Amino acid sequence: MSATLVELAERFGCELRGDAELPISNVGTLLSASSSAISFLANPAYRSQLSTTNAGAVILEERYAQDCPVPVLISSNPYAVYARAAQFLHPRPVPEPGIDSSASVAADAILPKSVRICAQAVVGAGTRIGESVVIGEGSVVGDNVSIGEGTQLAPRVVLIDGVDIGKRCIMHSGVIVGSDGFGFARDQESWVKVPQLGSVVIGDDVEIGANSTIDCGTIEDTIIGDGVKLDNQVQIAHNVRVGAHTIMSALTGISGSTIIGKRCMFGGAVVVVGHLTICDDAVFTFHSTILQSITEPGTYSGALSADKANRWRRNAARFKNLDEAVRDQRSVRVEESGD
Amino acid sequence: MSATLVELAERFGCELRGDAELPISNVGTLLSASSSAISFLANPAYRSQLSTTNAGAVILEERYAQDCPVPVLISSNPYAVYARAAQFLHPRPVPEPGIDSSASVAADAILPKSVRICAQAVVGAGTRIGESVVIGEGSVVGDNVSIGEGTQLAPRVVLIDGVDIGKRCIMHSGVIVGSDGFGFARDQESWVKVPQLGSVVIGDDVEIGANSTIDCGTIEDTIIGDGVKLDNQVQIAHNVRVGAHTIMSALTGISGSTIIGKRCMFGGAVVVVGHLTICDDAVFTFHSTILQSITEPGTYSGALSADKANRWRRNAARFKNLDEAVRDQRSVRVEESGD
Amino acid sequence: MSATLVELAERFGCELRGDAELPISNVGTLLSASSSAISFLANPAYRSQLSTTNAGAVILEERYAQDCPVPVLISSNPYAVYARAAQFLHPRPVPEPGIDSSASVAADAILPKSVRICAQAVVGAGTRIGESVVIGEGSVVGDNVSIGEGTQLAPRVVLIDGVDIGKRCIMHSGVIVGSDGFGFARDQESWVKVPQLGSVVIGDDVEIGANSTIDCGTIEDTIIGDGVKLDNQVQIAHNVRVGAHTIMSALTGISGSTIIGKRCMFGGAVVVVGHLTICDDAVFTFHSTILQSITEPGTYSGALSADKANRWRRNAARFKNLDEAVRDQRSVRVEESGD
Chain A
1 MSATLVELAE
11 RFGCELRGDA
21 ELPISNVGTL
31 LSASSSAISF
41 LANPAYRSQL
51 STTNAGAVIL
61 EERYAQDCPV
71 PVLISSNPYA
81 VYARAAQFLH
91 PRPVPEPGID
101 SSASVAADAI
111 LPKSVRICAQ
121 AVVGAGTRIG
131 ESVVIGEGSV
141 VGDNVSIGEG
151 TQLAPRVVLI
161 DGVDIGKRCI
171 MHSGVIVGSD
181 GFGFARDQES
191 WVKVPQLGSV
201 VIGDDVEIGA
211 NSTIDCGTIE
221 DTIIGDGVKL
231 DNQVQIAHNV
241 RVGAHTIMSA
251 LTGISGSTII
261 GKRCMFGGAV
271 VVVGHLTICD
281 DAVFTFHSTI
291 LQSITEPGTY
301 SGALSADKAN
311 RWRRNAARFK
321 NLDEAVRDQR
331 SVRVEESGD
Chain B
1001 MSATLVELAE
1011 RFGCELRGDA
1021 ELPISNVGTL
1031 LSASSSAISF
1041 LANPAYRSQL
1051 STTNAGAVIL
1061 EERYAQDCPV
1071 PVLISSNPYA
1081 VYARAAQFLH
1091 PRPVPEPGID
1101 SSASVAADAI
1111 LPKSVRICAQ
1121 AVVGAGTRIG
1131 ESVVIGEGSV
1141 VGDNVSIGEG
1151 TQLAPRVVLI
1161 DGVDIGKRCI
1171 MHSGVIVGSD
1181 GFGFARDQES
1191 WVKVPQLGSV
1201 VIGDDVEIGA
1211 NSTIDCGTIE
1221 DTIIGDGVKL
1231 DNQVQIAHNV
1241 RVGAHTIMSA
1251 LTGISGSTII
1261 GKRCMFGGAV
1271 VVVGHLTICD
1281 DAVFTFHSTI
1291 LQSITEPGTY
1301 SGALSADKAN
1311 RWRRNAARFK
1321 NLDEAVRDQR
1331 SVRVEESGD
Chain C
2001 MSATLVELAE
2011 RFGCELRGDA
2021 ELPISNVGTL
2031 LSASSSAISF
2041 LANPAYRSQL
2051 STTNAGAVIL
2061 EERYAQDCPV
2071 PVLISSNPYA
2081 VYARAAQFLH
2091 PRPVPEPGID
2101 SSASVAADAI
2111 LPKSVRICAQ
2121 AVVGAGTRIG
2131 ESVVIGEGSV
2141 VGDNVSIGEG
2151 TQLAPRVVLI
2161 DGVDIGKRCI
2171 MHSGVIVGSD
2181 GFGFARDQES
2191 WVKVPQLGSV
2201 VIGDDVEIGA
2211 NSTIDCGTIE
2221 DTIIGDGVKL
2231 DNQVQIAHNV
2241 RVGAHTIMSA
2251 LTGISGSTII
2261 GKRCMFGGAV
2271 VVVGHLTICD
2281 DAVFTFHSTI
2291 LQSITEPGTY
2301 SGALSADKAN
2311 RWRRNAARFK
2321 NLDEAVRDQR
2331 SVRVEESGD
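Protein chains in written order, with the numbering used here: chain A, 1 to 339; chain B, 1001 to 1339; chain C, 2001 to 2339.
The following block holds chain A by itself, in its conformation from the complex (with noise of 0.2 Å):
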């Protein structure tokens, strides 16, 4: 795809400054992009890189387009700009719809003309497709499944019987949805399985990464709102619930029947234990443990910087004995006021 610099100004709502007629057809960074490519300046941390880039164009903000030495197109949000024109000139490619000869999809299946059922693919009974749906090579879809439209599934998905999957979502290779949530009595030295009845809820607009899980619920349903973005190998327990919007980078788990709120950010190998209540727009740093409800918006932090081995190991050996450190220095305190 390409388009002049004037064509992605109208397109995108900005303001252009330099040669309208310039012909962009990709994108790159401001240290790689060649002439025929647009980049952008989100982290005023690469301001430096401005003076030097060989981009054709960059989008940026107001005040920095007087340190750019080519044609700017000028948005409070470059980033989303960016976004925007790099998929607009790199648009996802889309197979041809049609269903491969090695595919097994059941008779009573519900599929457009519009969808693509990609090679050694299985759909269940009862599924139904929407419009435009790509089923990746090897994704198994189960019975009485529901895909909205614009869905798109990378090889080797697996949606569990009965799942809802809203529209345009994209599921990553090696999704897991509906799987059985982690539900045990136990009963003597054994454990006795507790049925899992309910079913997962996905919204719209909704990307999980490769290898994520997200368990059904217990009696209810496991619910993913509108717009949630989850990175690879994040964990959903039965039950849990995600607001709209909410975000979860790599290796983010959160255990059963938590919920949380709309707009939060889990930024990466965050842990939240089960039957909390997170409120919208909480944000968790990297690591973070939440064994605690969180109540008001705002950033929580829990994570320990690494530490020269020996000097880490000092430190830890106090923390073991911190509690009595602490009395010990109070106490002196007492003693040295009782004087």
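It should be emphasised that the hints constitute simulated quantities derived from the structure, not laboratory data.
Mixed in with the good hints, there may be bad ones.
No farther apart than 30 Å at their CA atoms in a straight line, the calculated lysine-lysine pairs in the DSS-like style are these [claimed, not checked]:
#, chain 1, residue 1, chain 2, residue 2
1, C, Lys2320, B, Lys1308
2, A, Lys193, B, Lys1113
3, C, Lys2113, B, Lys1193
4, A, Lys308, C, Lys2308
5, A, Lys113, C, Lys2193
6, C, Lys2167, B, Lys1193
7, B, Lys1262, A, Lys320
8, A, Lys308, A, Lys320
9, B, Lys1320, A, Lys320
10, C, Lys2308, B, Lys1308
11, B, Lys1262, A, Lys193
12, B, Lys1320, C, Lys2262
13, A, Lys308, B, Lys1308
All of these numbers come straight from a predicted model, not from anything done at the bench.
Go by the hints and put chains B and C onto chain A.
Same frame as chain A, but now just chains B and C:
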């Protein structure tokens, strides 16, 4: 499935108080159950929901019976009775026996007529499958694998050549059993692969969650005992042995050659370093790091709760100098006592 | 495979002491090896097992030779010699070349006759596969992928369109290479997808463990150097570069755009935040959190060992007020020195 209340009472050994002929056809929570459903009270925190429940009946301990406005089944372990009642009322669907025409089954694999091999599955040479086993869509069972009767593989499970799976196990989607352990010998700056020659032996009544991985042993076998329950994205490294009825919640990882006792409980995201021994009946709370062998039953913790970011930052900065701070404090006391 | 002890000594450059013609056909631990097996002593902790071993021979360092009651092969690196001997005695089975009739292979894929494409596998258009490559059962290789000679994919690996894999690599089951990086631009309360236009380039002799995920780059490529070894459930985010011969144990996660040096060692469940630079020869112990760039080779730690729950709870409570406690202590000293 449907039953009268008295039939459930007799089947599960409970005392019945109320309408013996009440028909029960499903289950529900105290808050949402309808009059055809049976509910339960296992966690005293939900006791207040008893008075307004619309459930047809409730399974509970004797001491709560008087608070319940509807018929009750009395048990000293209401959650286990609920689990069994739910299994009875909502039996796990069993696919019709047979081999899907799209499956690839080795000519010399041993399969009773009661087995179901689903679409796109693969069964290797010399493999022996027990009665009523289900091999889910797209699952790959290697050569010389043994699977005990009644075991069910969900879609897209992988059992590598030679692994041995017990009876009545459930393997959820994405599970990998028998992949190579992680063994390399350093030689100058590069690594020489140490062949992983052992296998994996899994006992009876084991359940393994979605996308969990269990490596084969280096020389001897990795062993998972009877009745073990593993949640999603659990990692079991080579040569590990897990004792009977131990349970591990999601994201738990056990490093190589660690030996784990019976009836242990891992509360989610617990990580255990290699070559340890964990005794029977050890309990680990959420996101603990286990760096030393555990010789005494009991509960162990290891996670710091996240805090507001600015508060956390100040405390974490102090931790970085904790050893010095405690030394300082002690030296003050020594000076004082030296006066 | 079988060999005399002298053949092994010559092949692997060891000094032989004992019966040169002793036939060796397999390997074993000092405790369990039979008289036809060769064992090794690499970890001095197992030295006491030498005196009672039933092994046919033992590979060890010169200084332990006198303690060994059976023939020995002497090496300064017994573990590497053991690894090579085990590879020699137990060669990895190589499937017969050929394309299984159930596989789906694009007409224009380039496959030498020595390649094995297993049951239910998929190979996409324009893909080039080297000599003696094995594509495991149910694996999906996308379009325009390149795979170097001798590389083996276990069952159910996914290589997304365009990725480039070197020679003699091993990808275990469930590995996903080339899934989209996690990039979104915030716009009001929702997120705009940033197209992930780069790919993944993997060097020679790389091994990747079960269910690990490696994302493609945003604009440029994610790069894994020669000889890198990744264990199970490792996550490599977009734009990461991993230097040659670096090794990462299970559950390790590297966030986006982090650059990792050569010969680093990640001890399992290590998590690294994004946009860092880690120098060559850095070693991280189990479950460390890396929040800052590392510029000096050496060993770094970051995990607190779990403790008895009540003791941990008291220490963790003190940590929550650590900054205040240290301030208190300091203020006492200032008051004292002010007296």
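Of the hints stated earlier, which fail here?
none
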